[in-house]
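Quick note, the sequences are listed as chains A and B, same order. Yeah, the first sequence ends on 254 if you go by our numbering, and it's all consecutive. Yeah, the second sequence ends on 275 if you go by our numbering, and it's all consecutive.
Simulated from the structure, these hints should not be mistaken for lab results. We put the CB at the ideal spot given by N, CA and C, even for glycine.
Here are some, though not all, of the chain A residues that point toward chain B, as calculated from beta-carbon distances under 8 Å:
| no. | residue |
| --- | --- |
| 1 | Thr-11 |
| 2 | Val-15 |
| 3 | Gln-18 |
| 4 | Lys-19 |
| 5 | His-22 |
| 6 | Ser-88 |
| 7 | Val-90 |
| 8 | Thr-92 |
| 9 | Lys-93 |
| 10 | Leu-95 |
| 11 | Val-96 |
| 12 | Ala-253 |
| 13 | Arg-254 |
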Amino acid sequence: MWRRYPSRVGTFCLVELQKLSHDRTELFTRAVQPILWLVIFGETFNRIHAIPTGNLPYLDFLAPGIIAQSGLFVAIFYGIMIIWERDSGVLTKLLVTPTPRSALILGKAFSAGIRAIAQVIVVLIVSALLGVALTYNPLKILGAIGIVVLGAAFFSCLSMTIAGIVLKRDRLMGIGQMITMPLFFASNALYPVSIMPGWVRVLSKVNPLSYEVDALRGLLIGTSSNLPLDYGVLLVAVVLGVTTASLLISRLAR
Amino acid sequence: MTVAVREELAAAVECRGIRHRFGETTAVDGVDLTVLEGEVFGLLGPNGAGKTTLIRLMNTLLPLQEGSISVFGNDVRHAKMAVRRRLGYVPQQLSIEGALTGRENVMWFARLFDVPRSERRERVDASLESMALSDAADRLASTYSGGMIRRLELAQALVNRPALLVLDEPTIGLDPVARDSVWQRVEELRDATGMTVLLTTHYMEEADALCDRIALMHLGSIRAEGTPDELKSELGPDATLEDVFRHYTGGTLEDELKGGLRAIRSSRSTAHRLG
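Isolated chain B, as found in the complex (with noise of 0.2 Å):
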């Protein structure tokens, strides 16, 4: 894809100035970003980078501070319930309500979505079918693995019929088979809706497979962007992710998520839910 075509699509999100700050920590710092109409696009970075709080921002959770954020034009300080509507939103955590059905959650988001009575379990059912839940359906929730989680996640949040689906490390905690399965869903998806996405991940091989385009993202700013092939292809004929990563921000993404207790923290409270 050439600069110039690119420039003719629509932008599904546009940043611009963004900074954020929890107290005497700058989370976000000095971001511009575009994503366009019906590519997926991948904000990569070590635990910390800032990737959260940036999607954080983009979805209304957090108030925005400094700069601009408008997500299909509209902008996310005055037309906060425009852009929900737009929004299929599934966050790091595995967050289901284990006490209902499979069927029972979808079925929740398509009424706070006021997805119209007529078509509701329809659509309920299309969701849970394309997430190759419909066997498990009318199971309690917190019967499912970690993988059928993610997919019942991602069902509750395709029940809307988003135009953008941010996904927050969508495999963190997943066994391989599982991220697999979740990475399938995904690019059958894309395949099926030409659904913009964007996701965040700190796995390299997640990035190179699923996403058209990517942001380096660390401390809080963004280091380089574009295909994942220009990015190593800029380095020379063999370069991976990995060499991408280090050469930006002079460390590896290993080195980077060993360290710091919050990454610790991160992955041991996710495989504690995973129990």
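If we strip away everything but chain A, and leave its shape as in the complex, we get (with noise of 0.2 Å):
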């Protein structure tokens, strides 16, 4: 059975990408977001000089957050998309097909990583468009790729489990607008940790958006970064994540 994983998540990856290539209109409105964050806030802020981030830009600390922030922002709406497969009947189907459960799950987080990439290049060439200095290096490109697919998977596998708790649509898009704002807010993707007051502080901790954002200055900016705890937290955080919307998602069959 577990040779088959592999082939489920890529058959999972595979539609997305062919969703994606039928429809690019979302890949476009989906920037905009994005584009005004680097455009306005960052800017403006590049600006005053309000935010201390040392020898570095304002505008070149905020563009990892943004990435980091873009893909989170996409894989929040996967347990609303789940949902809607329940209601269409579509879930009903692929639960009825030799699939297990955790395959379906990692499937879905990992096409949540797909269309993550998908947005993330647009935000890259923004960001050099606007003058970030980003690396030029391959490797580090693909390790950010890497670390960007992991968040993206987590925050689906989140997003999913709420969806197997709440099971309804307009609750998870309330609970999905409440959550992802304070996820964002509270960890270093705006601003470094040591300006935060301590509450926020620890918040910032245990919040994976944290990691991400750490991982991703480190990769394309060269910032100092702690990459192999930032990888661990959230390869950790994708298994924890499978697991429990694994268990969950036979919830949304009844």
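Could you use the hints to bring the two separately framed chains together as a complex?
Next up, the structure:
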């Protein structure tokens, strides 16, 4: 059974790519928000030097945070999508194929990763155009893409877990909006941990998004970061996320 | 077909003492049922009779609470994957991925059922062809009509060459022309492959036209079982299945259909999906 995993995950990723290739508009509409963050928020704070980022221009500091954020926003949508698939009957059919529940969730999680990559490439290009000093090292860029996939996989599992608990699309939409902003603000995406009040610092410490941003900054901009810890935390988070979401997914079929 | 001959045939599905509750409601209340290999078996009854629950117990979607079910000798409790491999399932809702083409939809399920890479393209083409969808195969499924979506679902379910095809209300919400075309495809399939088909319906004419045997389900239990002719002749020379239903349940299927918010909601949502 275990050897079927890669083939199942590959199948779900392929389907995601096919869907993306038929409808590219989402790629552009979803790029608007990160561009606004970089162009308006980033440029403004870059000029007023309100946030202490040392010798690093604020825009360079911000770009990895916005990359992580756009991955997060894509992934949080996956719980809503799985409820949509339940309502339309597609999930019911998927659940009676010889696919273990965890392979289905892992497949969905990596599809979220695929969509996040597509998004991140757009944000990377915009960042480069705005003059952010990004690395040209292909290995580091690959590493960054890897961390984006892990981040998207975790947050999609979080979203699918909540979907398995609340079971209703409108409830999940409310909860999705309720948690994405706190996840984003209580992380190191917009400002360094050192200027946070103590309690936000604690939240940032347990927030996987912070580890994603830390790794992205280290890889893309070259700030000091703890890559083994970042990868480790995200890997453990993905394993936990896939496990809980797989246990809850059958609730959607009842 | 005589009873003696029937007993010689192997069972495709065997249900014994099935009982299933959702909270306070008992959806299936003590069902014993045998579907024989190669027959088209119809579960006939109004909405809320327990047909869909019974099907969802057979195809491993719901955990079995009481009783036992085996599908081609595989226990649904312990051999879920083996059961799923033998099944093709088309649920009540029109369930395709509209953002993919017809061919991509079928290819997706070919991969999920581990159809070997060397055979995949051929099997997908053959499935689409058998449902008369070859010409539309490369269009996005969101552009399909209700009848085409239903046929695409059948193509999806067939790509695995299932031993048992399970159709839950296959023609609900379809216009008469689309309904006829689905019937015709199911009949062709049965003639060409000898596949076992289990379908649920609340259309009397559908059960009469398609099924070798039917079981009449009402309020969670089976009230009568037999070939359509047997059931009708028990009541008299001119009896219809509608009369049979009235005889065993004390109401008409029409009354049952009109009653209940669930019925209205389900037909509305189907109409909505068909847009």
